[in-house]
Amino acid sequence: MSQPRVETLPLKTSNDVVYARQKVRQWATELRFGLVDMTKLVTAASELGRNALDHGKGGEMRIEQVGNGPRVGLKLTFEDQGPGIADIEMALKDGYTTGSGMGFGLGGSKRLVNEFAIESAPGKGTRITVVRWK
Amino acid sequence: MERIPVLRMGSLLLITIQVDMHDKLAMQLQDDVTQRISEWGSTGVLIDISSLEIVDSFIGRMLANIAAMSRVLGAETVVVGMQPAVAITLVELGMSLPGVRTALSVEAGMELLYGAGAGFRTGNEDEPTQG
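Top to bottom, those sequences are chains S and Y. Position one of the first sequence corresponds to residue 1 (this note's numbering), numbered consecutively onward. Position one of the second sequence corresponds to residue 1 (this note's numbering), numbered consecutively onward.
Isolated chain Y, as found in the complex (with noise of 0.2 Å):
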């Protein structure tokens, strides 16, 4: 059956979606990313969308649904690659990934998500800075 591959890269998951995304595809994604969570006990999942030309709404729900399922597992999620003719549409259709964190590139995103380590910040919050 045809399947995005999770692959383990110590505490994180490393996803590359490289294929149109269809309704099953998205489905067992998900399945595939909680089920190695648990499994594994993965701190930061890492999603790769820098070979797919569109994110429509199904796409951008699926992500988002994968960062809140992850959250709720104790994992964090950052999306990273999206090319720019894809930010441009995606934000003019009204979406603009709510809740879901991003960044530039593979090297980035990993920087967040080890950056992060136990007290990760979530969304755009400033540090009380201790004087």
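Just chain S, with the same shape it has in the complex (with noise of 0.2 Å):
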């Protein structure tokens, strides 16, 4: 029982970014992601963690671990509380950016992940979670 079962780590600089994806792969590892899952998933919260930075202006992250019967995954919650998402299914095209990034971000990390769900309005902030099963 050392490991708690929810994390919430901050994302207001890059180096959080850096730290929270590399406690997302220290989470995977403890559940025994196979590698090509875990690779996956880290750099989901890495896309998403930078994403909640340069147009959320920073939020944060929570890491819990869910199960569902014999299947055990983890779930990724990004929270901000910038501008929020207009159009949500403009934003999950690939190409489609605001900021100086290429455009995969949203897109790339929905194709990285078995669930994918964004609740976002203009001003309200944005949160996404995601989750990937083991």
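Hints in this document: simulated from the structure, not taken from any laboratory. Remember, it's a predicted structure, so these values are computed and weren't measured experimentally. Be aware that one or more of the hints could be misleading.
Claimed, not checked - Incomplete in silico selection of chain S near chain Y, CB under 8 Å:
#: 1; residue: Asn-15
#: 2; residue: Arg-111
#: 3; residue: Asn-114
The beta carbon of each residue, even a glycine, is placed where N, CA and C say it ideally should be.
Take the two lone chains and join them into the complex the hints point to.
Following this line, the structure appears as structure tokens:
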């Protein structure tokens, strides 16, 4: 029981994003994720963490272990109080970007996880929840 | 200050990325590589990413930027040593590193850079054969 069930990490700087994805790797290792599954989840965490930082002016990431019968997975929740996303469908398209990136962040991250949900509205910030099953 | 070393090997620059990249480190590396190319007249840049456990779009963009900047300065870049899980993830993410040449190992990357000599092939064009 050394592992807490939930962990919340700040996403205020570029270093926080690096630290947050290291934490995701640590959790995935403890749950014995396969290498490819782990790499996909950690990469998605990096994309979404950076997204919260660049577009949401910083926020936080919550890691939790989820279980569904014999299935075990990790759920990551990214929350920011930024300007929000007006057109979510558009934001999920490859190549769509409002920042200096290449626009693979959201759409690409969606492909790297099993479940993906966005809640956002202009002025209300953004919450992105992803789950990757082991 | 934390910095990624840029080593000189003949006409090549050798860079091994072993730390988790963040913004400042990436910017510093771009500065250092372009500076060294112009200072030493390097014609090739070899970037070993075999220790990287992930390549996200930020790192992918940095690699593409370094390759583009180096090319403008007359040096070709080869990225070597990508782990298979990283390759799978990168392609699924939607980035196949266009404009960045890759090789499996440092040796293969060097062969590519040295073998290229003066006429560096840029992409997948077929060499016209003389009959």
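Identify whether the interface hint at Arg-111/S stands, where standing means a beta carbon of chain Y within less than 8 Å of its own. Holds, about 5 Å.
Min Cβ distance, Asn-15/S to chain Y: is it shorter than 8 Å? holds, 6 Å
Close enough to count: is the Cβ of Asn-114/S nearer than 8 Å to one in chain Y? Because about 13 Å separates Asn-114/S from the closest Cβ in chain Y, which is outside the 8 Å limit, the hint is violated.
Going through the hint list in order, the structure does not satisfy hint 3, though it satisfies all others.
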